[in-house]
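Visitor: Residue numbers (numbering that gives the first Met the number 0), protein chains in the order written: chain A, 0 to 140; chain B, 0 to 69.
Keep in mind that the hints were calculated from the coordinates and are not lab data.
Keep in mind that a hint or two might mislead.
[Stated by the list, open to error] Taking CB as the label site, the calculated pair distances span:
#1 B:E51 / A:S138: 35 to 41 Å
#2 B:D28 / A:R22: 19 to 25 Å
#3 A:G82 / B:T1: 35 to 41 Å
#4 B:E12 / A:D64: 16 to 22 Å
#5 B:E43 / A:L53: 28 to 34 Å
#6 A:E93 / B:Q15: 44 to 50 Å
#7 B:P32 / A:P110: 37 to 43 Å
#8 B:Q7 / A:D104: 34 to 40 Å
[Stated by the list, open to error] Distance condition first, Cα-Cα at most 20 Å in a straight line; then the derived EDC-like pairs of lysine to aspartate or glutamate:
#9 B:K8 / A:E114
#10 B:K13 / B:D28
#11 A:K97 / A:E66
#12 A:K97 / B:D28
#13 B:K13 / A:E139
#14 B:K13 / A:E113
#15 B:K13 / A:E114
#16 A:K35 / A:D107
#17 A:K92 / A:E66
#18 A:K65 / A:D91
#19 A:K97 / A:D64
#20 A:K54 / A:E125
#21 B:K13 / A:E13
#22 B:K8 / A:E139
#23 A:K35 / A:E113
#24 B:K59 / A:D116
#25 B:K44 / B:D28
#26 A:K35 / A:D116
#27 B:K44 / A:E13
#28 A:K78 / A:E13
#29 B:K59 / A:E13
#30 A:K92 / A:E125
#31 A:K101 / A:E66
#32 B:K42 / A:E13
#33 A:K33 / A:E139
#34 B:K8 / A:D91
#35 A:K33 / A:E13
#36 A:K101 / B:D28
#37 B:K8 / A:E113
All C-beta atoms in this analysis are idealised placements derived from N, C-alpha and C, irrespective of residue type, glycine included.
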Amino acid sequence: MKSCRAYDSKANIEGVSVQPMARPGTEIIMGMIKDKSFGPVVMFGLGGIFVEVLKDVSFRIVPIDKEDAVQMMEEIQGKKLLGGYRGKEAADKETLQKMLVKLSDFVDATPGIEEIDMNPVFAYSEGAAVVDARIILSSEE
Amino acid sequence: MTTAQILQKARQEKRQVLTEIEAKQILGDIGIPCTQTVLAPTKEKAVSIAEELGYPVVLKVSSERLSRPL
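Only chain B is shown next, with the shape it has when bound in the complex (with noise of 0.2 Å):
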């Protein structure tokens, strides 16, 4: 996505705050160096993205309403 996409999602789900992965590629896009963030929705997909980036890993919870990780 976009970050005018990204941008324009959030205001329609009437969301303020951006979640992390959100806000890395938005700043990736506009040439800020992050972290490569990615999402994963089961516990399978966390340990085959895990294996895919290397270990070691760092998970965080990903929520639109929980903005930092507990």
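Only chain A is shown next, with the shape it has when bound in the complex (with noise of 0.2 Å):
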């Protein structure tokens, strides 16, 4: 806190967030951000370096169903290991896909945001946990 308040004295710091440590599972990121061309578009990748260094996401036009879900998870170069690698756990495809319609959803119906970023989340062979999540609104118009 000390170093926060050194960096930007006016960071109105409201305290600190406690959460349970979360089990590490398979890492994913999802979010939403607005195309210039295409409007909202949902995005879905692995997390980790395989965002950062090789930039396997997919991305679909908002809103989406199910099946544009389904393929969003398959058009990752890395699909492989949602399905459990070296002994790591299998990823909940299916908990995964609701999330990224859900997300969609929320973003057809509320106006006035310009970007989700869920990073990562965690996918379990039963279930799912967002561990960090941004929100950023649009500015006035």
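Hey, can you piece these two chains together into the complex? The hints should help.
Guide: And the structure:
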């Protein structure tokens, strides 16, 4: 907190957020950005180095249905990693698909959101958990 | 707070970036599973929340201006 105040004395620090340390799972990223031509698009990809180095992500224009979500997960190069590898647990694709559709439905119904970033999401063999999330609102028109 | 209230509050405060807690509240409301995240305004409160949630816990600075923890 001291270093934060030193970095930005006007930071208006309201405290600390406390959360249980999530059990590690397959790292996923999901989000929404506004494309200049297409408007809101949802994004899906593998987290960590896969997004940072390999840019292994897929996009769809909002709104999406379940079939779009299935395709998004099929389109990434590293899709095999979702099935479990080297003894790692597989990712619960059903849950991830539902999350993508819910994200799309929300964005479709809620004007004024510029960007949503869920990074990382930990996917388990059953269920998933968003570990960090950010939402940015559009500047007022 | 409901999603509409969170968005309205941020607008009133002329903020474009929601805090992690606000973002997770909104996502949780639409049925996206998030890790339970609670704001602790003081050190003592952080300890009691941590004990309630169960260790190990992760602490991040919560600020309307610093959106990524340092």
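Visitor: The structure should be examined with respect to each hint, and the outcome stated for every one.
Guide: Cross-check of the supplied hints:
Between E51 of chain B and S138 of chain A the beta carbons are some 38 Å apart, a value that agrees with the proposed interval 35 to 41 Å. The hinted range of 19 to 25 Å is satisfied by D28 of chain B and R22 of chain A, whose Cβ atoms lie roughly 24 Å apart. Judged by the Cβ atoms, the range 35 to 41 Å given for G82 of chain A and T1 of chain B holds: they are separated by roughly 38 Å. Take E12 of chain B and D64 of chain A: their Cβ atoms lie about 36 Å apart, and the range 16 to 22 Å is violated.
Restraint check, E43 of chain B to L53 of chain A: a C-beta distance of roughly 44 Å breaks the suggested window 28 to 34 Å. Between E93 of chain A and Q15 of chain B the Cβ separation comes to about 34 Å, which falls outside the hinted range of 44 to 50 Å. For P32 of chain B and P110 of chain A, the Cβ-Cβ distance of about 25 Å falls outside the hinted range of 37 to 43 Å, so the restraint is violated. Checked against the hint of 34 to 40 Å, the pair Q7 of chain B and D104 of chain A fails, with Cβ atoms roughly 21 Å apart.
Taking the CA atoms of K8 of chain B and E114 of chain A, the gap is about 18 Å. The hint holds against a cut of 20 Å. With a CA separation close to 23 Å, the supplied pair K13 of chain B and D28 of chain B exceeds the 20 Å bound. Note on K97 of chain A and E66 of chain A: the hinted pairing holds, with a Cα-Cα distance of about 11 Å set against a maximum of 20 Å. Between K97 of chain A and D28 of chain B the alpha-carbon distance is near 14 Å, which keeps this suggested pair within the 20 Å criterion.
Annotation: proposed proximity of K13 of chain B to E139 of chain A holds, straight-line Cα distance about 9 Å (limit 20 Å). For the given pair, K13 of chain B sits about 15 Å from E113 of chain A by alpha-carbon distance, which is consistent with the 20 Å threshold. Restraint check for K13 of chain B and E114 of chain A: satisfied, since their Cα atoms lie roughly 17 Å apart, inside the 20 Å limit. Of the pairs offered as hints, the one joining K35 of chain A and D107 of chain A holds, with about 16 Å between alpha carbons and a cut-off of 20 Å not exceeded.
Restraint check for K92 of chain A and E66 of chain A: satisfied, since their Cα atoms lie roughly 12 Å apart, inside the 20 Å limit. Among the hinted pairs, K65 of chain A with D91 of chain A is consistent with the structure: their alpha-carbon atoms are about 14 Å apart, no more than 20 Å. For a cut-off of 20 Å, the pair hint linking K97 of chain A to D64 of chain A stands: about 9 Å separates their Cα positions. About 26 Å separates the Cα atoms of K54 of chain A and E125 of chain A, which puts this hinted pair outside 20 Å; it is violated.
As the CA atoms of K13 of chain B and E13 of chain A are separated by approximately 17 Å, the hinted pair is consistent with the 20 Å bound. For the hint pairing K8 of chain B with E139 of chain A, the CA-to-CA distance comes to about 14 Å; that is within 20 Å, so the pair holds. With a C-alpha separation of about 11 Å, the suggested pairing of K35 of chain A with E113 of chain A holds against the 20 Å cut-off. Annotation: proposed proximity of K59 of chain B to D116 of chain A holds, straight-line Cα distance about 17 Å (limit 20 Å).
At roughly 25 Å between alpha-carbon atoms, K44 of chain B and D28 of chain B are farther apart than 20 Å, so this suggested pair is violated. Taking the CA atoms of K35 of chain A and D116 of chain A, the gap is about 18 Å. The hint holds against a cut of 20 Å. Our distance criterion of 20 Å between C-alpha atoms is met by K44 of chain B and E13 of chain A, whose separation comes to about 13 Å. With a CA separation close to 40 Å, the supplied pair K78 of chain A and E13 of chain A exceeds the 20 Å bound.
Pair hint K59 of chain B plus E13 of chain A holds up; C-alpha atoms about 11 Å apart against a cutoff of 20 Å. With a C-alpha separation of about 9 Å, the suggested pair K92 of chain A and E125 of chain A falls inside the 20 Å cut-off, and the hint holds. The suggested pairing of K101 of chain A with E66 of chain A holds, with an alpha-carbon distance near 13 Å, which does not exceed 20 Å. Distance check on the hinted pair: K42 of chain B and E13 of chain A sit about 12 Å apart at the alpha-carbon level, within 20 Å; holds.
The hinted pair formed by K33 of chain A and E139 of chain A meets the criterion: a straight-line CA distance of about 15 Å does not exceed 20 Å. Under the criterion of a C-alpha separation no larger than 20 Å, the hint pairing K8 of chain B with D91 of chain A is inconsistent with the structure, at around 35 Å. A distance of roughly 30 Å separates the Cα atoms of K33 of chain A and E13 of chain A; the hinted pair therefore is violated under the 20 Å criterion. The straight-line distance between the Cα atoms of K101 of chain A and D28 of chain B is roughly 10 Å, inside the 20 Å bound, and the hint therefore holds.
This hinted pair checks out: K8 of chain B and E113 of chain A have alpha carbons roughly 17 Å apart, not beyond 20 Å.
Violation of the numbered hints given earlier is confined to hints 4, 5, 6, 7, 8, 10, 20, 25, 28, 34 and 35; the remaining hints are satisfied by the structure.
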